[in-house]
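Visitor: Residue numbers (the working numbering), protein chains in the order written: chain A, 1 to 224; chain B, 1001 to 1224.
If you're looking for bench data, these hints aren't it; they were derived computationally from the structure. Please note: incorrect hints may appear among the correct ones.
[Unchecked claim] Here's a subset of chain A near chain B, in silico, CB distances under 10 Å, partners left out: (1) Pro19; (2) Val23; (3) Phe54; (4) Ala62; (5) Val79; (6) Gln82; (7) Met85; (8) Asp88; (9) Arg142; (10) Ala211; (11) Ala212; (12) Pro215; (13) Ala219; (14) Leu223.
Every residue gets a Cβ at the ideal spot worked out from N, C-alpha and C, and that includes glycine.
Chain residues, written in single-letter form:
Number of protein chains: 2
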Amino acid sequence: MSTMGTPTDSTGKSLTDYPRPSVAVDVAVLTVDEVLKVLVVERPDGSYALPGTFLHPGERLADAATRALRDKAGLTDVVFHQLAMLDDPERDDRGWVLSMAHSAAVPAADIPADAQLVPVTETADLAFDHADIVRFAVDDLRRRCAAEVDPGGFAGESFTVLDLRTLYEVIYDRSYPKDTFRRHLLHGLEPTGELRREGTGRPAEIYRRRAAPLPSSTAAFLLQ
Amino acid sequence: MSTMGTPTDSTGKSLTDYPRPSVAVDVAVLTVDEVLKVLVVERPDGSYALPGTFLHPGERLADAATRALRDKAGLTDVVFHQLAMLDDPERDDRGWVLSMAHSAAVPAADIPADAQLVPVTETADLAFDHADIVRFAVDDLRRRCAAEVDPGGFAGESFTVLDLRTLYEVIYDRSYPKDTFRRHLLHGLEPTGELRREGTGRPAEIYRRRAAPLPSSTAAFLLQ
DNA sequence: CTAATAGTGTCTCTGAGACACTATTTG
DNA sequence: CAAATAGTGTCTCAGAGACACTATTAG
Chain A
1 MSTMGTPTDS TGKSLTDYPR PSVAVDVAVL TVDEVLKVLV VERPDGSYAL
51 PGTFLHPGER LADAATRALR DKAGLTDVVF HQLAMLDDPE RDDRGWVLSM
101 AHSAAVPAAD IPADAQLVPV TETADLAFDH ADIVRFAVDD LRRRCAAEVD
151 PGGFAGESFT VLDLRTLYEV IYDRSYPKDT FRRHLLHGLE PTGELRREGT
201 GRPAEIYRRR AAPLPSSTAA FLLQ
Chain B
1001 MSTMGTPTDS TGKSLTDYPR PSVAVDVAVL TVDEVLKVLV VERPDGSYAL
1051 PGTFLHPGER LADAATRALR DKAGLTDVVF HQLAMLDDPE RDDRGWVLSM
1101 AHSAAVPAAD IPADAQLVPV TETADLAFDH ADIVRFAVDD LRRRCAAEVD
1151 PGGFAGESFT VLDLRTLYEV IYDRSYPKDT FRRHLLHGLE PTGELRREGT
1201 GRPAEIYRRR AAPLPSSTAA FLLQ
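Full structure from sequences and hints, please.
Guide: Set out below in structure tokens:
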């Protein structure tokens, strides 16, 4: 790096002398719809990829990601995070393109009806290295769900413990004993005082998420 | 994104029509030398920054980081990881420069004698947003040290439990009870069978790290 | 009543944490 | 012997996990 305010790096070479990579952003939008799925968009050649775009001049990565989600997938107000920078020089046939991978978790209800969702287990033929991004995103989601109750809001504003357990069993692809699950996850919930009566059986209490992070013992329980 | 093999994006605009950012890498090299410190290099204007460099054409980020560590800090064979992409368009006076922040942990003994180390608590006047990178790196180090015994090898090949406890007390900036610390960390250690006699008192057993990851209960203990 | 689902009392067993003890050295 | 440091036996208490029980509904 060099003296601030001068257009040279520490070797005296002008910054503009370096050929520069294109920089892209890609977002793995995860949702739960029976199984864990990821949103994909069709490309001109008929293949599928995660929604993404090139970074515009002076634009921030987060703004580019927001733009990609809006323009390619019709999604707004999505919270996302950086995952990793993908930098294989051969990853894009069109040239030297780095991509900042992001992940987001969006309730199925908030995803436009015409969007295409594929199970995260069936991403082998996504374009570029996007199957890798999906793997990163699933790992990231599991870590987040172990630290906080349903950070993506998959279960909506309020829900029963059974709703939540069913959700977590999908996300972690395993089952949990109902009593231990309840006692663990209650630490991150607060009762609304309402009940859900549905079919036969005792009505279920309805909870909402508490801001508090889950204790690390809960993370240990969820992650096995 | 666009059809593979064609030089246009989905709007039909050529890739080369977009002005592109410069991409840099910066590495926060952490070490423990009485306190937790980070390696800095002096810049031509006399200010200090983390070692970094611009990405060369077709180069991978990891290779650029390796090059920066070798050329700017005289370090080789360092293991590092991506932390985050810093993308404030105003972060570098010289123009539009994105930087991939990395972290590494290196034993003090492996750092060249002429390198400059500053405590991680005194990074406020580093150039650019490098103080932010140091914060990310310290958080990252603490997470890694809770998942595995001394992943940076700060304590060397072999060490006593007291060595390790002293090290962890520096990294986490707190103290730990000796018996509980011992019982927890022993899960990630294997005895060498050797003893260290030093001054008065019973000789200490010497251990080395085991490959096994620490149980999550140990992470909970270390992180409070 | 039965069937069905929600939620909890409670037992057991593990293990964290704390204290104080034993073990092994030097002088 | 005393002083110093390393390591452990053990007690207590909290809590995870499992089982079976109670609670509350529909029919």
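Visitor: None of the hints should be skipped; say for each whether it holds.
Guide: Here's how the hints hold up against the structure:
1. The restraint placing Pro19 (chain A) at the interface with chain B holds, with a minimum CB-CB distance near 4 Å, inside the 10 Å limit.
2. The criterion of a C-beta within 10 Å of any C-beta in chain B is met by Val23 (chain A), whose closest approach is roughly 6 Å, and the hint holds.
3. Nearest Cβ of chain B to the Cβ of Phe54 (chain A): about 6 Å, under the 10 Å cut. The hint holds.
4. The beta carbon of Ala62 (chain A) is positioned within 10 Å of a beta carbon in chain B (closest approach about 8 Å), and the interface hint is therefore held.
5. At a threshold of 10 Å, the smallest CB-CB gap from Val79 (chain A) to chain B is about 16 Å, leaving the interface hint violated.
6. The interface hint given for Gln82 (chain A) is met, as the beta carbon of that residue sits about 6 Å from the closest beta carbon of chain B, less than 10 Å.
7. Because the smallest distance between the Cβ of Met85 (chain A) and any Cβ of chain B comes to about 5 Å, under 10 Å, the interface hint for this residue holds.
8. Evaluation of the Asp88 (chain A) hint against chain B yields a held restraint, the C-beta minimum of about 7 Å falling below 10 Å.
9. About 13 Å separates the beta-carbon of Arg142 (chain A) from the nearest beta-carbon of chain B, more than 10 Å, and the hint is not met.
10. The beta carbon of Ala211 (chain A) is not positioned within 10 Å of any beta carbon in chain B (closest approach about 19 Å), and the interface hint is therefore violated.
11. Annotation: Ala212 (chain A) was flagged as interfacial toward chain B, and the flag is violated, the nearest CB pair being 15 Å apart, outside 10 Å.
12. About 8 Å separates the beta-carbon of Pro215 (chain A) from the nearest beta-carbon of chain B, less than 10 Å, and the hint is met.
13. Taking 10 Å as the C-beta contact cut-off toward chain B, the hint placing Ala219 (chain A) at the interface holds, the least distance being around 7 Å.
14. At about 7 Å, the closest approach between the beta carbon of Leu223 (chain A) and any beta carbon in chain B falls short of 10 Å, and the interface hint on this residue holds.
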